[in-house]
Each structure stands twice: as C-alpha cells, then as structure tokens.
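Residue strings, one per chain:
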Amino acid sequence: MQPSNPTPAEPRRTGRYPEGGLAFVHRDLTGIAQLARHEILYLLDEAEQWVELNRQPHKRAEVLSGLTIINAFFENSTRTLLSFEIAGKRLGADVVNMHAATSSVKKGETLIDTAMTLNAMRADAIVIRHGSSGAVRLIAEMVDCPVLNAGDGQHEHPTQALLDALTIRQALGLAPGSDLNGLKVTICGDILHSRVARSNILSLTALGADIRVCAPPALMPAEIEAMGVQPFHDFDAALKGANIVMMLRLQQERMQGQFIPSPREYRHLYGLTLDRLAKAEPDALVMHPGPMNRGVEIDSQVADHPSRSLITRQVESGVAIRMACLDVLTRRARRLPGWTEIEGTRA
Amino acid sequence: MIPCPLTITGGRLVLPSGAPVPGAVRCADGHIVAVGADVVPQNGDQVVDAKGALIAPGLVDLGVFSVDKPAFHFGGITRAALMPDQGPPLDHPARVRFAAQSGKPDMWVHPLAAATLGLEGTHLAELALMRDAGARAVATGRQWIGDSGVMLRLLSYCAMLGLVVVTHAEDAGITGSAVATAGEMATRLGLPSAPAEAEALAVARDIALAELSGAHVHFRQVTTARALDLVRAAKAKGIRVTAGVTPAHFMLSDLELADFRTFCRMSPPLRPDADRKAVIAAIADGTIDVISSGHDPRGPEDKRLPFADAEPGMAGAETLLPLTLTLVRDGHIDMARAFALLAANPAKLLGVAAGRLETGAEADIALVDPERPWIVKTDKMAASAGNTPFDRRPVEGRVLGLFKGGARID
Chain A
1 MQPSNPTPAE PRRTGRYPEG GLAFVHRDLT GIAQLARHEI LYLLDEAEQW VELNRQPHKR
61 AEVLSGLTII NAFFENSTRT LLSFEIAGKR LGADVVNMHA ATSSVKKGET LIDTAMTLNA
121 MRADAIVIRH GSSGAVRLIA EMVDCPVLNA GDGQHEHPTQ ALLDALTIRQ ALGLAPGSDL
181 NGLKVTICGD ILHSRVARSN ILSLTALGAD IRVCAPPALM PAEIEAMGVQ PFHDFDAALK
241 GANIVMMLRL QQERMQGQFI PSPREYRHLY GLTLDRLAKA EPDALVMHPG PMNRGVEIDS
301 QVADHPSRSL ITRQVESGVA IRMACLDVLT RRARRLPGWT EIEGTRA
Chain B
348 MIPCPLTITG GRLVLPSGAP VPGAVRCADG HIVAVGADVV PQNGDQVVDA KGALIAPGLV
408 DLGVFSVDKP AFHFGGITRA ALMPDQGPPL DHPARVRFAA QSGKPDMWVH PLAAATLGLE
468 GTHLAELALM RDAGARAVAT GRQWIGDSGV MLRLLSYCAM LGLVVVTHAE DAGITGSAVA
528 TAGEMATRLG LPSAPAEAEA LAVARDIALA ELSGAHVHFR QVTTARALDL VRAAKAKGIR
588 VTAGVTPAHF MLSDLELADF RTFCRMSPPL RPDADRKAVI AAIADGTIDV ISSGHDPRGP
648 EDKRLPFADA EPGMAGAETL LPLTLTLVRD GHIDMARAFA LLAANPAKLL GVAAGRLETG
708 AEADIALVDP ERPWIVKTDK MAASAGNTPF DRRPVEGRVL GLFKGGARID
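For the protein sequence lines, the chains are A and B, in the order given. Heads up, the first sequence is in the numbering used here, so the first residue is 1 and it goes up one at a time. Heads up, the second sequence is in the numbering used here, so the first residue is 348 and it goes up one at a time.
Simulated from the structure, these hints should not be mistaken for laboratory data. Note that the coordinates shown come from a computational prediction; the quantities given were computed from them, not determined experimentally. Ideal Cβ positions, reconstructed from N, Cα and C, are used throughout, including at glycine. Errors might be hidden in some of the hints.
[Claimed, not checked] Here chain A is said to cover these stretches of chain B; the calculated rule only asks that three of the stretch's residues, wherever they fall, bring their Cβ under 8 Å from a Cβ of chain A: (1) 528–536; (2) 654–668.
[Stated by the list, open to error] Quick list of the computed label-pair ranges, beta carbon to beta carbon: (3) A/Gly338 - B/Arg739: 33 to 43 Å; (4) B/Asp620 - A/Gly177: 39 to 49 Å; (5) A/Ile112 - B/Ala605: 13 to 23 Å; (6) A/Gly241 - B/Pro720: 51 to 61 Å; (7) B/Pro720 - A/Gly66: 47 to 57 Å; (8) B/Leu476 - A/Asn76: 29 to 39 Å.
[Said to hold, decoys possible] Derived, one-sided and incomplete: chain B residues facing chain A with beta-carbon distance under 8 Å: (9) Ser540; (10) Phe607; (11) Arg651.
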C-alpha cells in the first residue's frame with residue numbers, strides 16, 4: 001500500500017461544475033436550504049477522495065496546514081464533535097474544541113460575546129452547534145471566517161444530510177456526479193423536532209428522491225407537504241416501496257407521556273423491526289443518524305444487519321463530508337487558483 | 348402655568364365623521380372651546396397656522412410597554428395606556444399612582460392595572476384601590492389568564508367596578524413556548540410554533556365569560572380570521588367586547604421570519620397572509636375598534652439573539668400613524684375612521700374626555716401632513732431602541748406639530 005501523502009486537492013475540473021469558486025459560492029455552510037443542487041453534488045464529489053484517504057493507513061493530507069479551526073459546541077455532542085475534530089486534523093489543521101455546553105456559558109449576550117471572542121482569535125473556520133434555530137446564522141453574520149453549522153436547534157444539520165446522501169450514493173454503487181433520482185426514502189420519527197429530517201428533506205428532494213415522512217400527528221410539523229414530501233402516520237404504509245428507511249432518534253423525555261405515552265407504545269407503532277422492514281423493498285437499506293435507542297425506534301437485528309444497515313457507514317462518510325466542507329469553505333482564504341475572484345456570499 | 352388661549356387656523360379638521368373640512372379649532376384652559384369652519388381667533392389668542400395640514404386629535408395609544416416620550420411625540424401620541432408588565436408589575440396602588448404621573452405635563456400615561464398579583468393569573472390584585480389611584484382599565488398583561496374560574500371572578504368584579512378588562516388572547520396551553528404560527532415558514536425554519544387556533548380558543552372563552560359576567564372585555568390584539576369571526580358574531584349579539592390590533596398584523600405576514608429576523612418576533616406571532624387580510628377586512632367593517640402601537644423598545648441584549656431566545660415586541664410608536672394611513676390610502680377606511688381607531692375609540696375605552704375634536708374635550712391636538720414621505724430607519728428612531736420590522740420602508744404621514752392640553756410640545 002502506498003504511504004500516501006496526497007497533494008492538496010485541486011478543485012476538480014470535470015466539466016460537471018462551474019469553474020473554481022463558482023462551484024460553491026457560499027462563504028458559510030449554514031443550511032442545505034441555501035445550496036443549489038450542483039453545490040450539493042459538488043460537496044459529495046469532493047468527499048469521495050476523503051473516503052478513500054480515510055481507508056489508508058496514513059490518513060493525513062496537509063491541505064489545511066497552519067489553519068486554526070474552532071469547534072464551538074453550545075450543545076452536548078460526542079459523535080459530531082469527534083467527527084469534525086478528526087476531519088480537521090486529517091487535513092492538517094490545528095483543531096480546538098470549545099465545550100460551551102458544559103461551562104457556565106448561557107445563551108444570550110454570551111453567545112454574541114463568544115462569537116466575537118472566537119473571531120478575535122482569528123479562527124480560519126468555526127464549526128458551531130447550538131440549541132436554538134438560527135443561532136449559527138446569527139454568529140455567521142458577526143465573524144469574518146467561514147462558519148459551518150453542526151446543528152442549530154430544530155432548523156438544520158447540513159453535514160448530516162450531506163453524509164447521508166454520500167452514504168446512500170456509495171451504498172448503491174452510484175458514480176460521482178450521480179444524483180438520487182427516483183429513489184424512495186422514508187424518514188420516520190420525531191420529524192417536528194428534527195434538524196436532521198429538515199436538512200435531509202431539502203437535500204434528498206434536491207437530488208431527485210421521493211420523500212415520505214412518518215410520525216404521529218404531534219410530532220409532524222405543520223404544512224410539511226410544502227417541503228415537497230408526503231406525510232404518513234401509518235409506518236407500514238409509509239414503508240411500502242421504500243428503498244431507504246431513515247430512522248430518527250426520539251428523545252427520551254418526549255416518550256414519557258408528553259408526545260408519546262411510553263417507549264413501548266412508540267416501538268409498537270414506529271419501531272423498525274425485521275418484520276416491519278420486510279414491508280419495504282426487498283433490498284431496502286436502513287439508516288440512523290445516531291445515537292440510537294435500541295429496542296425503541298430500531299431493533300438491534302435491524303441496526304446490526306450486515307447487508308441492510310448503513311449506520312456505521314454513515315459515520316465513516318461523516319468524516320469525509322466534513323473534510324470536504326472544511327476544504328471547500330477555506331479555499332478562498334487559502335487563495336486557491338480560481339477561488340479568489342469572487343467573494344463567498346454570506347450565510 | 349396655564350397657557351393663553353390657542354387657535355389653530357388654516358387646517359383641515361378631522362371630525363368624528365365625514366371627510367376632513369377646512370376650519371379652525373380654539374382651545375382655552377386646556378380644553379377645546381370651539382371647532383369648525385367659522386371659528387376665528389380672538390384677541391390675545393396665540394395663533395398657529397396649520398398651513399393646510401390636518402388638525403386631528405392627538406393619538407391615544409392603548410397598550411404600550413414603556414413610557415418613551417420622544418417616540419410618542421414623534422408619532423403624535425398624547426396619551427398612552429401603559430401595560431402592567433413593568434418591573435415590578437403594576438399590581439399595587441402606589442405603583443399605579445406613580446406611573447400615572449410619570450409623563451406629565453406633556454404626555455399623559457394611563458396605567459392599566461395588573462389583573463392579578465404579579466400577573467401570575469391566580470390572585471386578584473387590589474383593583475378598586477388601583478382604579479382610585481389612577482388606573483383607567485385592567486389588563487392581564489402579556490399572558491392570558493389560564494384558569495377560567497379566576498377569569499370569571501375577575502370579570503364579574505371589574506363589571507361591578509366599571510373597569511374594562513384588556514386581555515391577551517392566546518391559549519397558553521396550546522402556545523407553550525411557541526414563537527411562531529404553525530405553518531410552512533415555522534416548519535422550514537424549525538421554530539417552535541403553535542396553531543393560530545390558540546387565539547380563537549382564548550377569544551371564544553373570554554367572549555363566553557364576558558357575556559356571563561356582563562364585563563367589558565377588550566382583546567388587545569386579535570390577529571386571526573377565526574378569532575375575528577368570533578368577535579364579529581359576539582358584537583352582533585350585543586356582548587360587550589371590543590378588539591384591537593397593531594400595524595404589524597395588518598402589514599406583515601409570517602413570511603417576514605425568513606432569515607430569523609428577531610425584529611419580527613411578535614406576541615402574538617405574525618400570521619399567514621390570509622389572516623393579515625382578514626385583519627384589514629375587520630378594521631374596515633368595524634369588528635376592530637382600536638389600532639395601537641404595542642410600543643416595546645428593545646435593545647440588542649433582547650433582540651440580537653437566536654430567534655426563539657429573543658424577546659417579542661417592536662418599537663411601534665413612530666410608525667403607528669403612517670402605517671394606519673396606508674389603510675386610508677388603500678381605500679379600506681376613511682380619515683375619520685382612522686382617527687376613531689387611533690384616538691376616539693381608545694379614549695372611550697379608557698373613559699377619558701379626549702380623542703375627538705369636539706367642544707369640551709381635552710385640547711390634545713396633532714397637526715398631520717398625511718402625505719409627507721419619510722423612510723423608517725432603525726438607527727434613527729426617536730424611540731429608546733430601534734427594533735422595528737419596518738426598517739428602510741418608505742411611509743407617508745408625519746406629525747408637524749403636537750399640542751397637549753392646548754400647550755405646544757416641542
């Protein structure tokens with residue numbers, strides 16, 4: 001095996017995308033809603049090389065050498081933070097994690113002050129998770145460097161949607177540049193409170209997939225049809241014909257009588273068991289953004305299924321997607337050829 | 348100091364009905380003593396030439412959250428009813444007495460007494476003592492009173508005392524921590540939202556309790572088609588209910604929430620466009636009686652936050668008149684009705700002899716050029732904070748001069 005130390009990625013010129021910085025015109029990644037279809041595909045294609053690199057024993061590219069990336073997490077997270085940290089380090093950046101959720105930092109003025117502080121420390125990119133919808137955008141308006149949304153309230157979680165799309169594309173053996181036209185995807189769970197669901201709806205519909213969302217009425221957002229999806233309350237009906245079944249985590253506190261009477265009642269109606277999975281297409285694949293409530297929304301036999309479950313592959317894609325996002329968003333600052341002509345549009 | 352008699356000539360009088368007519372108004376001892384086409388100044392009068400401007404009653408703003416004199420005067424407001432949501436709440440006679448004096452002499456503040464102690468919706472406050480200390484009505488504050496038993500006892504008591512009860516009409520059990528109206532916008536933005544029916548439910552209950560108790564209930568803001576239908580039907584039945592609204596709810600819809608603009612965070616939240624149109628129809632057909640500013644200036648510490656963490660409310664005193672005049676320009680109402688909504692009706696609710704150009708009324712007078720164009724600018728407001736969702740909007744209608752009790756305000 002080659003002791004690879006690949007040269008920094010030059011923007012691809014396959015002809016599939018606009019030249020240079022026109023392939024991705026945004027300064028920040030605050031949501032999928034801001035992205036054009038070709039920009040989503042561009043990020044997916046860029047991530048392919050990092051999937052490869054991450055499978056090598058020597059997993060390092062010095063693309064971001066000398067850059068400082070701050071992961072500012074105002075809400076607890078283990079896997080997303082770890083994924084961003086690994087992504088930054090594999091690209092050679094200096095990565096600093098700020099766990100605001102565990103300190104005495106509260107929302108409000110402190111959020112503004114924290115953003116100003118991070119800005120003054122001259123970060124080259126800031127990755128933010130925050131419990132309030134729109135918080136990442138607010139910070140993006142106040143800092144000079146690119147901002148990546150690692151989840152804001154119930155609004156968006158764009159890197160999760162990108163990694164899900166990449167996972168699907170690779171699992172189906174689709175080549176770079178491919179979209180997901182005609183694919184039937186069922187997303188089931190707490191759609192109302194899920195930023196993962198919103199970002200996935202936006203990206204998967206942009207890539208041509210047919211989306212069904214399934215939840216009990218109390219966990220279904222109003223007028224969700226306006227986002228181009230078909231709502232279901234009956235999981236079995238929602239599964240019929242599905243190629244991909246995407247399960248969402250249900251917060252413990254929401255199944256203690258507030259929204260759902262009990263965990264076992266939730267499982268009864270919306271738990272993905274092997275029997276239930278059989279109602280989808282015969283080769284349907286299963287996804288979950290984690291962390292899972294095993295035995296509630298998903299059974300272990302499904303989650304651990306060797307050929308049907310994509311759950312660990314999602315985690316793998318996550319690092320690659322975050323590498324691609326960090327790489328692409330810092331290209332203007334790194335003055336890559338073709339990327340300095342136009343400034344990135346904010347937020 | 349008692350000012351010398353004043354005669355304003357050369358203007359167009361906005362009378363309780365009909366189109367503005369050329370004429371003059373004469374004031375003495377703080378009151379209007381003559382109004383009409385044939386009024387002329389007398390010897391010793393101070394004479395002001397209105398130069399063709401409207402001579403209109405000073406605005407009576409029913410339901411403001413802060414006493415913000417520069418903004419009120421800019422907006423032509425000579426009296427404001429202060430919401431009890433102060434720190435501490437207006438739930439004690441001494442605080443009411445203090446608030447009632449806080450604007451004099453050139454701005455009269457009419458405190459609204461907190462209906463319940465601490466505005467917590469459980470224990471009745473000392474309403475009679477507060478009335479006698481200067482409270483002109485009772486208000487539930489920013490919240491409704493969830494306990495229907497408390498509300499019924501409050502209304503019966505206020506019926507006896509002859510006090511109007513100003514309520515906030517949103518069923519708190521449904522709204523919870525919502526900051527937006529359920530619908531496509533809230534769904535896309537991932538904002539906590541509640542169905543618009545939360546308002547209709549609260550209105551329906553309070554109409555039933557108003558009928559039962561005989562009290563006069565004023566819904567400070569009715570913003571949805573369904574709730575307006577209920578008010579319309581209740582009025583037709585002769586139940587003593589009235590309704591108000593602020594310009595945000597007839598000018599803006601929830602589409603404004605895009606980009607998480609916290610200056611558009613209102614309570615009740617902005618509604619879908621169909622409701623906005625229903626509000627205009629209700630203003631036109633008389634279902635809505637009052638347009639007020641809901642003036643609530645908020646600085647960056649309250650507004651420069653993620654949307655759901657920001658405080659609701661807007662600085663509305665300066666834009667109240669020009670935004671209401673858009674309804675005149677668009678033909679929904681005439682000028683007389685505009686000033687009924689802005690002055691006469693709220694004055695009547697508060698039981699003060701003002702808000703109309705008629706003999707005997709307090710000489711609270713605004714000179715208004717209804718066509719003077721200007722541009723709202725958040726960083727150039729007279730208000731103590733510039734949280735307006737109408738930033739950079741061109742508007743028409745400007746106050747050229749303002750008189751409180753016959754004395755000119757500079």
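Q. Should the hint that A/Gly241 and B/Pro720 are 51 to 61 Å apart at their CB atoms be regarded as holding?
A. holds, 59 Å
Assessment of proposed distance window 39 to 49 Å (beta carbons of B/Asp620, A/Gly177):
holds, 40 Å
- Count residues of the region 654–668 of chain B with a Cβ under 8 Å from any Cβ of chain A, then say if the count reaches three. holds (count 3)
TODO: Using the Cβ atoms, figure out if B/Pro720 sits within 47 to 57 Å of A/Gly66.
DONE: holds, 54 Å
| query | When you take the CB atoms of B/Leu476 and A/Asn76, is the distance between them in 29 to 39 Å? | reply | This hint is violated: roughly 51 Å between Cβ atoms.
A closest beta-carbon separation below 8 Å is what the hint needs, so does B/Ser540 meet it against chain A? holds, 7 Å
Tell me if the interface restraint on B/Phe607 is satisfied: Cβ within less than 8 Å of some Cβ in chain A. It holds, given that the least Cβ distance between B/Phe607 and chain A is near 3 Å, below 8 Å.
| message | Holds or violated: the 13 to 23 Å window for the beta-carbon distance between A/Ile112 and B/Ala605? | response | holds, 21 Å
- Task: Using the Cβ atoms, figure out if A/Gly338 sits within 33 to 43 Å of B/Arg739.
- Result: holds, 36 Å
With a C-beta cutoff of 8 Å, work out whether three or more residues of the region 528–536 of chain B approach chain A closely enough for the coverage to hold. holds (count 7)
| Agreement of hint B/Arg651 with chain A interface, Cβ distance less than 8 Å | holds, 6 Å
Comparing the model with each numbered hint stated earlier shows that hint 8 is the single one that does not hold.
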